[in-house]
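Enquirer: Hey, can you work out the whole structure from these sequences and the hints?
Note that the protein sequences, when read in sequence, are chains A and B. First residue of the first sequence? That's 24 in our numbering, and the numbers climb one at a time after it. First residue of the second sequence? That's 7 in our numbering, and the numbers climb one at a time after it.
In silico SDA-like cross-links for lysine to any residue, where the CA-CA straight-line distance does not exceed 25 angstroms:
1) Lys397/B x Ala203/A
2) Lys539/B x Thr196/A
3) Lys266/B x Ile360/B
4) Lys161/A x Glu413/B
5) Lys179/A x Gln371/B
6) Lys539/B x Ala203/A
7) Lys303/A x Ser532/B
8) Lys539/B x Asp201/B
9) Lys246/B x Val173/A
10) Lys101/A x Leu89/A
11) Lys342/B x Glu243/B
12) Lys251/B x Thr172/A
13) Lys230/B x Thr207/A
14) Lys353/B x Ile323/B
15) Lys124/A x Phe300/A
16) Lys124/A x Phe420/B
17) Lys276/B x Ala301/B
18) Lys230/B x Tyr251/A
19) Lys539/B x Thr200/A
20) Lys225/B x Thr255/A
21) Lys246/B x Thr200/A
22) Lys397/B x Asn170/A
23) Lys246/B x Ala191/A
24) Lys124/A x Tyr364/A
25) Lys81/B x Ala188/A
26) Lys225/B x Ser254/A
27) Lys81/B x Ala38/B
28) Lys397/B x Val169/A
29) Lys254/B x Glu243/B
30) Lys225/B x Thr200/A
31) Lys251/B x Val173/A
32) Lys161/A x Thr241/B
33) Lys254/B x Cys280/B
Worth flagging that the hints you see were computed from the coordinates, not collected in a lab.
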Amino acid sequence: MHLFVKCADEIVRFIKMRLILADIDCIMSEHTGHSDNEHNGGGRRHNFFLELYGKHYKSLLIISILLLAFSFAVIGHKYITTGDFVSRGVSLTGGLSMTLKASNSSTMTSDELQSYLMQVFPKADITVRTFGDSSNQKFSIEASGVNDTVFIEALKPKFPDLTDADFANDKQTIGPTFGASFFTQTLKAIFIAFLFMSIVIFLYFGDSIRDKWIASILTIISAFLMFYATSTILYIIALVLFVVCIVIYIRDSIPAFGIVLCAFSDIFFSLAVFNLFDYKLSIAGVAAFLMLVGYSIDTDILLSVRVLKRRGGTIFDRTVDALRTGLTMSVCALIAVLVAYIFTHSIVIKEIMFILLVGLIGDIIFTWIQNAGILRWHLEGKGWK
Amino acid sequence: MSFKKVFRSWKIWLLIACFIMAVVAIWPNPLADGVAIRSVIKDSAASTAGFVNPKPTTTPMGREVVHSINNIPIKNSDDYARATSVLRPNMTMVIKTSASTYRLVVKPQLETVVLNETELVNVTESSYNSTTNQTINITTLRMVNKTLQKVTGVEDIGLRVYNAPTSNIRMGLDLQGGSRVILRPETVLAQDDLDSLVENMKQRLNVYGLSDLTVRQTKDLEGKDFIIVEIAGATDEEVKDLLSKQGKFEGKIGNDTIFKGGADIKHVCKTADCSRIVNCGKTSSGGYSCTFSFAITLSPEAAQRQADRSKDLSVQIDNGEGFLNESLDLYLDDEKVDSLRIGEGLKGRAETEISISGSGTGLTQQEAMTDATDNMKRLQTILITGSLPVKLIIEDTNNVSPVLGSEFIQNTLFVGLMAMIFVILAIVIRYRKIIVSVPVAITLVSEVVILLGFAAIIGWNIDLIAIAAIIIAIGTGVDSQIVIIDEISGKHQEEATGWKDKIKNAFFIIMVSYFTMVVAMLPLLSAGAGLLKGFAITTILGVSIGVFITRPAFAVIAENLLRHDD
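Expert: Structural data, given as structure tokens:
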């Protein structure tokens with residue numbers, strides 16, 4: 024948790040920076056002689072943050088890499104202790120899932136309900152969560168390894184207000200093999216999505232035609248293998264091919280690699296925070312991670328295009344210029360997601376929005392610190408200013 | 007801001023055209039009231055009165071809507087429930103719908119009580135003569151038990167209804183309520199067999215009385231075949247009961263099969279005169295049990311098989327009546343469910359009328375009657391449609407009540423609206439110009455409307471996850487617009503790039519993002535039995551509409567709006 028607090032600190036610091044940097048207008052317009060400045064004061068404060076961002080970008084880059092390493096650590100810890108790198112809800116393991124309205128007269132908490140159920144069904148895996156506002160509180164119950172009817176009977180005394188029909192209101196049962204196979208398939212889907220996304224980026228930003236051909240062919244083979252593979256050997260080959268592609272990207276086009284790394288970091292960061300909050304992943308959650316792949320790319324592409332294809336000012340100037348646009352984009356997406364997260368009554372939408380919220384916040388760091396840092400380091404190494 | 011220039015661009019007209027098409031496709035009518043007919047139960051009072059099942063291809067706004075019963079206006083399903091709760095047998099109801107006016111006579115629910123007295127009655131039986139190949143009717147005088155028909159209430163008039171839809175947007179089950187069951191055939195089938203399995207399942211569900219349903223095949227990434235059944239307004243229990251059993255029904259004498267459900271059965275009686283609850287009584291455990299019985303007509307071939315098999319059997323006398331020494335055993339899914347004694351008069355005679363009976367139980371007599379009626383309906387269905395070629399395993403069931411569904415809809419609309427408002431607010435704060443928010447708002451709203459219009463046209467179901475995709479599209483659709491705005495009003499004096507170049511730059515960024523998004527969604531189209539297919543398609547459609555229709559138009563507006571700033 025200590026490390027977690029450190030990260031939260033980072034996040035808060037950067038949000039503060041964004042607010043300050045909104046006045047970058049001022050500074051930029053001073054550089055280029057434009058007349059749109061309504062903010063003249065606080066020059067010294069601005070300069071401090073700008074200096075930090077500009078001069079010490081390498082240290083900031085290290086911090087973002089540390090953040091990525093921390094995410095790996097959290098996920099690795101989870102894997103070592105539970106054998107799975109994320110907790111899975113019943114839609115991915117098989118079992119029963121239902122949503123029940125809380126009884127008006129009782130003040131039962133989700134923990135109380137969970138311990139009661141675990142007493143009655145000691146061998147089952149049961150999770151209870153509450154959501155909704157005080158007037159419309161609901162319990163979301165997931166249980167695997169129980170018999171449907173027996174479970175519902177056990178619930179009845181705790182929900183005296185509900186009729187039999189109410190128990191069937193929002194109920195889902197998933198066969199265990201179905202749930203498990205769904206999980207492996209969505210993992211494959213995420214891998215393939217990643218493969219395709221990387222090759223598209225490389226095709227746009229790469230230089231050597233030969234490398235593009237090689238990478239494309241490798242990608243297609245890897246995708247096929249992953250799609251149809253049933254034995255472990257084929258999985259490993261698919262992974263190896265992907266790693267080879269990454270090496271090609273690094274050798275040929277660091278910018279492309281930077282973008283792919285950022286998407287990768289976003290997903291892992293979001294997954295790590297998901298694990299820290301001890302949530303269980305469902306089918307909807309998987310969809311959210313895939314959305315993250317697509318949306319995180321937006322800001323990276325913006326950064327890379329602005330830095331690589333523009334000519335005026337220093338690399339840093341162009342980065343900050345892209346930052347203005349990019350932060351607006353991220354903030355808008357964040358607002359939409361935050362609003363949905365707060366106001367929705369559906370636990371499905373809440374889960375999706377949580378993953379996106381964390382992912383988008385992580386994206387701000389991984390795009391503007393990590394990706395920007397990598398780009399600048401690489402370009403300065405090539406002699407750019 | 008030069009309006010003329012804006013309207014001269016084809017991109018703007020494309021946007022307007024698509025928008026209008028979408029609105030027409032959606033055909034919103036938030037003031038629509040009444041209850042729409044989801045299905046009509048066979049042989050019910052409603053079907054006798056002339057109500058027909060809506061075709062599954064009818065658009066939601068094209069469904070028949072009930073507006074009044076006996077001149078009492080019906081605004082929603084509560085009104086309908088109230089109006090149909092005070093029925094008396096044989097009363098007439100005048101039901102006015104959007105299509106026409108119907109007169110419906112309420113049928114009484116009957117219970118036949120078998121008395122201990124007997125009476126002489128003329129009984130007509132049809133018998134098949136194999137030598138002359140003719141079916142002749144023989145009327146004989148017989149001693150049968152006296153029966154008394156008691157009226158125990160009213161039969162359901164046979165209309166399943168739901169609140170009239172307010173637009174053509176088809177909603178997924180988690181928004182309108184209903185159930186979805188995913189089944190897997192136990193053995194791997196060839197494509198032809200799969201097709202006929204799906205047909206058989208549809209038929210079974212239809213005959214049972216459920217018609218607002220879709221049955222479709224899908225494969226997952228591992229190549230396994232699944233069948234997804236989605237029924238609005240039904241519970242998963244009904245579907246599970248109907249489909250989880252193969253429904254292999256056989257009548258055997260000894261080890262020889264005389265007839266099987268399906269082809270060998272020409273007619274199953276479902277009308278009240280030959281299918282009904284026979285009587286009810288208390289069971290030893292304190293509950294109630296009711297027996298039902300209905301008549302079926304065998305095909306001539308099956309009847310002949312019975313004649314051939316029984317002609318060599320010997321007669322036993324039991325209580326003054328003669329019976330053959332072997333009975334006609336009825337098996338359902340290889341379990342014996344009944345055993346009919348064959349009267350001596352049937353020895354060697356091809357008898358086509360057979361009576362099938364069974365029972366239902368419950369804690370109260372009413373419960374037992376309902377259970378018996380359900381069991382009877384199910385058995386009738388199985389006998390009519392025959393058995394499913396293979397056993398189906400239930401992999402996943404999902405049940406959402408309609409009340410919960412409509413709650414979700416309202417909440418989701420609210421959330422979507424809030425998201426849009428706050429995002430537009432953020433844009434205004436960022437650019438400190440209210441005028442910028444106008445094209446952004448127009449673009450956002452059009453994207454959502456056109457997407458929903460597409461969904462309405464192709465009959466696509468919008469479910470909760472798809473809505474999540476739409477909400478996020480609101481947040482990120484704005485992204486591209488921000489890119490465009492910033493490119494256009496960008497303060498890059500060093501570059502003497504023209505407007506075309508700036509917009510080209512912006513679109514370069516947008517196109518790369520677009521392709522990566524589409525490509526990221528592709529694997530989802532077939533992963534996990536296509537459960538996330540709706541989400542993937544909504545996202546792909548959404549970004550495509552954005553890239554090809556709304557954002558070019560937005561660029562035109564923004565160009566004209568912000569140009570004079572430089």
